[in-house]
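Enquirer: Can you make the complete structure from the sequences, with help from the hints?
Protein sequence lines correspond, in order, to chains A and B.
Residue numbers are given in this note's numbering: position 330 of the first sequence equals residue 330, and the series is strictly consecutive.
Residue numbers are given in this note's numbering: position 257 of the second sequence equals residue 257, and the series is strictly consecutive.
Same chains, same names: a pair is fine if it fits in one copy or spans any two.
Calculated pairs, DSS-like style, for lysine-lysine (alpha carbon to alpha carbon, straight line, at most 25 Å):
#, residue 1, residue 2
1, Lys213, Lys56
2, Lys33, Lys76
3, Lys246, Lys13
4, Lys152, Lys213
5, Lys80, Lys13
These are calculated hints, taken from the structure and not from any lab test.
2 protein chains.
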Amino acid sequence: MKNENSNNKSVGKQSILFQNPPCIISFSSVAGKKEGEGPLAGYFDIIEEDPMFGGKSWEDAESRMQKRAADLAIEKASLKSADIRYLVAGDLLGQLIATSFGIMDLQIPMFGVYGACSTMGESMSLASILIDGGYANKVIALTSSHYAGAEKQFRFPLDYGNQRPLAATWTVTGSGAVIIANPDEVKKNPEDDKPIIHITGITTGKVTDYGIKDSMNMGACMAPAAADVIYHNLSDLNRSADYYDKIITGDLGYVGSDILKDIMKEKGYDISKNHMDCGKEIFSKESQDTHSGGSGCGCSAITLTGFVFHKMLSKEWKKVLFVPTGALLSTVSYNEGNSVPGIAHGVIIEIME
Amino acid sequence: MKNENSNNKSVGKQSILFQNPPCIISFSSVAGKKEGEGPLAGYFDIIEEDPMFGGKSWEDAESRMQKRAADLAIEKASLKSADIRYLVAGDLLGQLIATSFGIMDLQIPMFGVYGACSTMGESMSLASILIDGGYANKVIALTSSHYAGAEKQFRFPLDYGNQRPLAATWTVTGSGAVIIANPDEVKKNPEDDKPIIHITGITTGKVTDYGIKDSMNMGACMAPAAADVIYHNLSDLNRSADYYDKIITGDLGYVGSDILKDIMKEKGYDISKNHMDCGKEIFSKESQDTHSGGSGCGCSAITLTGFVFHKMLSKEWKKVLFVPTGALLSTVSYNEGNSVPGIAHGVIIEIME
Numbered sequence: 001m002k003n004e005n006s007n008n009k010s011v012g013k014q015s016i017l018f019q020n021p022p023c024i025i026s027f028s029s030v031a032g033k034k035e036g037e038g039p040l041a042g043y044f045d046i047i048e049e050d051p052m053f054g055g056k057s058w059e060d061a062e063s064r065m066q067k068r069a070a071d072l073a074i075e076k077a078s079l080k081s082a083d084i085r086y087l088v089a090g091d092l093l094g095q096l097i098a099t100s101f102g103i104m105d106l107q108i109p110m111f112g113v114y115g116a117c118s119t120m121g122e123s124m125s126l127a128s129i130l131i132d133g134g135y136a137n138k139v140i141a142l143t144s145s146h147y148a149g150a151e152k153q154f155r156f157p158l159d160y161g162n163q164r165p166l167a168a169t170w171t172v173t174g175s176g177a178v179i180i181a182n183p184d185e186v187k188k189n190p191e192d193d194k195p196i197i198h199i200t201g202i203t204t205g206k207v208t209d210y211g212i213k214d215s216m217n218m219g220a221c222m223a224p225a226a227a228d229v230i231y232h233n234l235s236d237l238n239r240s241a242d243y244y245d246k247i248i249t250g251d252l253g254y255v256g257s258d259i260l261k262d263i264m265k266e267k268g269y270d271i272s273k274n275h276m277d278c279g280k281e282i283f284s285k286e287s288q289d290t291h292s293g294g295s296g297c298g299c300s301a302i303t304l305t306g307f308v309f310h311k312m313l314s315k316e317w318k319k320v321l322f323v324p325t326g327a328l329l330s331t332v333s334y335n336e337g338n339s340v341p342g343i344a345h346g347v348i349i350e351i352m353e
Numbered sequence: 001m002k003n004e005n006s007n008n009k010s011v012g013k014q015s016i017l018f019q020n021p022p023c024i025i026s027f028s029s030v031a032g033k034k035e036g037e038g039p040l041a042g043y044f045d046i047i048e049e050d051p052m053f054g055g056k057s058w059e060d061a062e063s064r065m066q067k068r069a070a071d072l073a074i075e076k077a078s079l080k081s082a083d084i085r086y087l088v089a090g091d092l093l094g095q096l097i098a099t100s101f102g103i104m105d106l107q108i109p110m111f112g113v114y115g116a117c118s119t120m121g122e123s124m125s126l127a128s129i130l131i132d133g134g135y136a137n138k139v140i141a142l143t144s145s146h147y148a149g150a151e152k153q154f155r156f157p158l159d160y161g162n163q164r165p166l167a168a169t170w171t172v173t174g175s176g177a178v179i180i181a182n183p184d185e186v187k188k189n190p191e192d193d194k195p196i197i198h199i200t201g202i203t204t205g206k207v208t209d210y211g212i213k214d215s216m217n218m219g220a221c222m223a224p225a226a227a228d229v230i231y232h233n234l235s236d237l238n239r240s241a242d243y244y245d246k247i248i249t250g251d252l253g254y255v256g257s258d259i260l261k262d263i264m265k266e267k268g269y270d271i272s273k274n275h276m277d278c279g280k281e282i283f284s285k286e287s288q289d290t291h292s293g294g295s296g297c298g299c300s301a302i303t304l305t306g307f308v309f310h311k312m313l314s315k316e317w318k319k320v321l322f323v324p325t326g327a328l329l330s331t332v333s334y335n336e337g338n339s340v341p342g343i344a345h346g347v348i349i350e351i352m353e
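Expert: In structure tokens, the structure reads:
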């Protein structure tokens with residue numbers, strides 16, 4: 001399985017298996033009002049009714065939301081920000097301003113990352129490498145998106161009341177944080193039956209472009225990138241699709257999820273039984289029509305830190321492949337007639353008792 | 001020197017020393033016309049007279065420039081893109097579109113990063129971690145900036161002929177690529193006197209905000225972040241400033257460099273003798289008046305891959321602390337009246353014969 005380009009920790013073409021799998025010691029989910037009215041409402045730590053999060057602009061609102069997610073994750077682990085060696089974070093806004101202004105007060109050395117809506121996967125991948133490689137004992141991975149900030153950045157001012165095609169998704173207002181730690185630091189309480197969530201490996205994506213130019217159908221733009229990562233994860237590690245209890249994409253939505261399953265079938269893998277998409281789960285199709293589902297960095301982030309980790313801690317799911325997906329566009333690239341390529345970042349999350 | 005938060009590879013509050021220092025096996029510099037008329041012209045691999053780089057927009061021009069830098073670095077190392085395990089790259093444009101479209105054809109698993117003009121330091125830091133940690137044998141770190149693309153993104157259309165204050169810097173058109181490799185793979189030719197450039201450590205920066213709101217004086221915005229990284233590098237590693245032959249900041253320019261030296265003096269370190277700023281070196285003060293100097297991700301990237309590595313390979317400089325600096329702003333954050341915080345990423349580069 002090893003290729004000539006790899007060494008002891010890398011496997012196949014795009015994957016890594018950690019020798020000393022990092023642990024997730026704390027996580028948090030901050031959701032907006034609409035997300036708090038959806039089917040996952042009961043799983044979020046905080047549901048904020050004020051879309052401004054007490055701030056003075058949409059961007060400020062998103063920064064405050066990120067800060068609350070980070071503070072809460074740190075507090076739940078009984079830590080101080082000075083205990084965290086690195087912060088790996090990013091968001092959808094140009095020049096990552098939600099992150100820059102949100103996390104400034106934490107004063108943690110930072111790696112800013114951009115993977116569009118795949119950011120949670122990218123930040124967790126790099127955070128795990130920092131831990132497994134012995135460069136840090138605790139790292140926080142963090143991301144966010146805000147419906148109004150994203151509409152302002154990528155589409156039209158909300159006041160226009162612009163119509164949206166059926167393939168469009170609804171950007172989630174939410175921020176998720178995960179604290180990843182050296183397993184040697186995590187002492188299991190023998191009287192505690194609670195399992196520990198580990199990150200056992202990653203599969204890193206390439207920019208993948210099928211030439212689709214419709215920014216209102218981002219599911220179609222991103223599905224090939226998700227398929228590439230899932231395919232390489234399974235083939236690099238010589239696993240069948242049913243190795244995982246769930247293969248969880250970020251925000252392909254209804255349209256993109258169908259495309260993903262079709263591409264995977266063409267590649268010889270049937271993921272129709274265990275595939276789940278955060279964009280399809282986070283809003284109710286019946287009572288909260290968002291057309292193709294939810295999207296944004298926050299969509300996969302709070303579905304992971306709310307719903308998915310709950311399922312894992314209750315041992316309902318023990319092996320998860322988390323594959324958030326990003327559409328790589330800006331208003332400039334779109335207006336200049338470019339296609340919308342995609343990228344995805346796979347993170348293998350497993351319960352080890 | 002170790003703090004409670006650290007383990008065997010991390011040192012002090014913000015630094016890492018690599019146990020098996022990664023090697024720089026190849027590098028490239030692609031410069032624009034104006035940069036090719038400046039004092040460093042003789043050090044660049046390619047000077048392109050066409051500001052469009054054969055493309056159809058400024059963004060397309062920057063993507064093509066990045067592709068040429070990456071291709072050239074790969075070619076100089078007699079490699080193919082499939083030999084490179086990861087690409088760590090980013091640029092100044094919203095949603096990193098110069099990078100996304102530039103590197104797509106390389107089909108290398110990618111970590112997109114954003115550190116504004118500190119991106120070369122951030123990408124080299126993460127690339128070195130991937131190598132030293134045993135996750136890859138070869139990683140390419142890449143960044144770029146384009147004068148016209150940056151003016152369009154951050155300031156005014158060029159056709160306005162906008163006036164610039166004396167504290168303003170001129171965004172460099174340039175792209176630099178560095179291929180970092182596992183030292184076990186690099187066989188020294190005993191008959192060859194050429195030294196090998198290693199990355200021996202890093203010091204990762206925090207978002208640092210002194211409340212400065214003038215985006216036309218980015219040197220002042222970034223100097224505190226540079227000072228924080230240089231201070232922590234020296235104190236974490238218990239080094240005096242003269243340990244380094246050169247302490248090289250990215251694009252503080254004339255105004256920011258003076259502020260940096262003053263802050264460092266207040267912190268008890270005199271760096272006036274060995275400080276160099278890429279923004280002051282890349283354009284001629286006399287014949288190419290750019291006011292405070294050059295800036296942009298490309299400024300430090302091509303000064304490093306052109307001029308600095310030349311000085312190191314000729315053994316004139318053996319120990320360099322490379323500290324590119326970034327100003328964290330977008331037109332949205334600026335127009336909403338926010339300050340311009342800074343970040344810096346320190347990379348320790350040494351000749352080991």
